[in-house]
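Peer 1: If you want the building blocks of each chain, they are given just below.
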Amino acid sequence: MVPMSYFVGLSAVLFAIGVAGVLLRRNIIVIFMSIEVMLNAVNLAFVALGRRLGSMDGQVIVFFVMTVAAAEAAVGLAIIISVFRNRETVNADELNLMRW
Amino acid sequence: MSPGVFIFLAALAVISALGTVAQRNPVHCLLALVVTLLTIAVIFIGLDAVTVGFLQAIVYAGAIMVLFLFVIWLLNLQAELRSAPGYLALKAIAGLLSAVLVAELFVLLWHAPTAGGAKAVAPADYGSIQTLATTLFSDYLVAFEITSVLLLAAIVGAIALARRAPAPHAASAQAVGAQAAGAPARSEGA
Amino acid sequence: MLIDLLIEAIKAIIVVVMVLNLSGVLLWFERKGSALIQDRIGANRASLTGLGKRMGLPNLGLVNTLIADPLKLFTKEDFVPDGADKFLHGLAPFLALFPVIVTFAVVPFGDVVQIGSRTITLQAANINAAALYILATIGIGVYGIALGGWASNNRWALLGGIRATAQMISYEIGLGLAIISIVMTYGTLDLQAMCHAQGGVWFGFLPRWGICLQPVAFLMLLTAGMAESKRVPFDLPEGESELVAGYFTEYSGGKQAVFMMTDFAEIVLVAVLITVFFFGGWQVPWLYRDGFHFPGGAHLGLPQLLVAILGVIAFMIKTVLFCWLQILIRWTLPRFRYDQLMRLGWKGLVPLGLANVVVTAVVVVLASGAH
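Residue numbers (our numbering), protein chains in the order written: chain P, 1 to 100; chain A, 1001 to 1190; chain B, 2001 to 2371.
For reference, chain P alone in the conformation it holds in the complex (with noise of 0.2 Å):
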């Protein structure tokens, strides 16, 4: 049998991979598919800590996670085209009108 701490363990790295990726990567693009791991990072967390203590909340709340994340990258994904119609780059570095 797995211990749970292995399951929370397995998230916490997930999630750090994630942090990695948005620290790291230029393409706006690419940022957002890392919030998504984060975002997954943590569903596999509640899931896990949901079954440790036998309790439905944590599946039912990676099902308000899950919506969330789907409105989110919509609205994201409308950002980044609006953006992109504007300033022609995905680069973050490019993104740079608001710089003092």
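All the pointers check out, no bait thrown in.
Some chain A residues judged to face chain P by a derived CB distance under 7 Å, without partners named:
hint : residue
1    : Met1001
2    : Ala1094
3    : Leu1109
4    : Thr1135
5    : Leu1151
6    : Gly1157
Residues of chain P clear of chain A, computed beta-carbon distances all greater than 12 Å:
hint : residue
7    : Leu97
8    : Met98
9    : Arg99
10   : Trp100
Honestly, the hints are just simulated from the structure, not real lab data.
We put the CB at the ideal spot given by N, CA and C, even for glycine.
Chain P is already provided as a structure; the job is to place chains A and B on it using the hints.
Peer 2: Quick look at chains A and B alone, frame taken from chain P:
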């Protein structure tokens, strides 16, 4: 879930997550992310969360990632060059901070009060669609209704943001239409 | 333990072999059937021994379609276009075929078989949430087509791929709503339980098949299923006279054969789903586990093995019937324009499906409340 299966799935998830953040071609990143999502769906099913696991495959890997793929095509993103110049110091610091984050999370969570095996036998019908629906529609009903409003707002927002601005095109279309109507009349008269 | 594993392996192999063989037979069926519908002869040249021709028998085109064509396709040069992504170009056909074949794992092709003391369910994998599994695999099946179109480095293939992907994800919603109505009617996600629930009779003679309970969902599943497999009248992404071959323009040889096999395996999948959900699956009318109970009152006792075999034969006959129906529809209807196709999917199937779900919900609540 036996330890061998868990090690295989964990290794697959970590390797494909690393592929997501490290690949140069955005489409390859997306494929690696789909593999990560499907691996996590399988882990959910292994943790007796059957409905949520299949929903992850249907919604996340089957719909949201296709949306990502459409945007990558629409923007015609090419593979990045081998090494983006500059910012090496910042990248080193970012890598270091991620490693520190992993270490912190391990220290906090490994010895958390919930350490130890899962309840060996899950309650009957745990993770089935009936139980999920009962909990969702009784304890979390308000959150469910608010989420439906959120989805409606997201649909309207996405369409409004991604649409091309119609006003300049309409004006120029009218001008082009007037010219096109004028040209055949002139050519017929000639 | 080992015996159990062996039985499961045999069931899985039987299912995969049957599906692939049926795809091949359907290819012949389509070529010869379309020739008959279009008042021409079809393939009739190749033969192995020449004996049939010497005896004056007509050539049915079997050797042509089933032996010569696959041999030609698999021995052609494997051509990857210049500048294309080699890895994805090679992966895409198999990424398209894999989810379709894997879906057949949960399909029940018969009732139980008793061998000695062992009861074997004639279903390769007994999953409780089988209907969700089917939706998941159909959702994953989009990627092979999408990547096939993109990885060819050809703008027309990409256009075909984009059209195909948009069409598939649009009709997935209609498909999902049809399946949801069925799940609500039977109260279970398990396909074998649905087949069991379709046994018995109403009014003493009418079999309790799902078509009588959910006719709208049957039409929706047929339409959405044909749109998912991109068959005519929904085959604009393939566009056989517009986009050369759409998303698989740049595929030749073995990879094209795999894409074709995906097409026919999806025909079989839609036929199998219609059979299981709406026509009783392996249920033969008036046949129960101990034999026939005819409406007049006659009873014909049969051994359990014969009952199981009759169930499997009935399942196969119904599947072939619906495959034939899809082939007939293909060669009868003209192709939809793309905006007509999208309008049918979003403005036709989705509201109809939602209305069907609401009506089904009301009827289920009233029917269960009355007891």
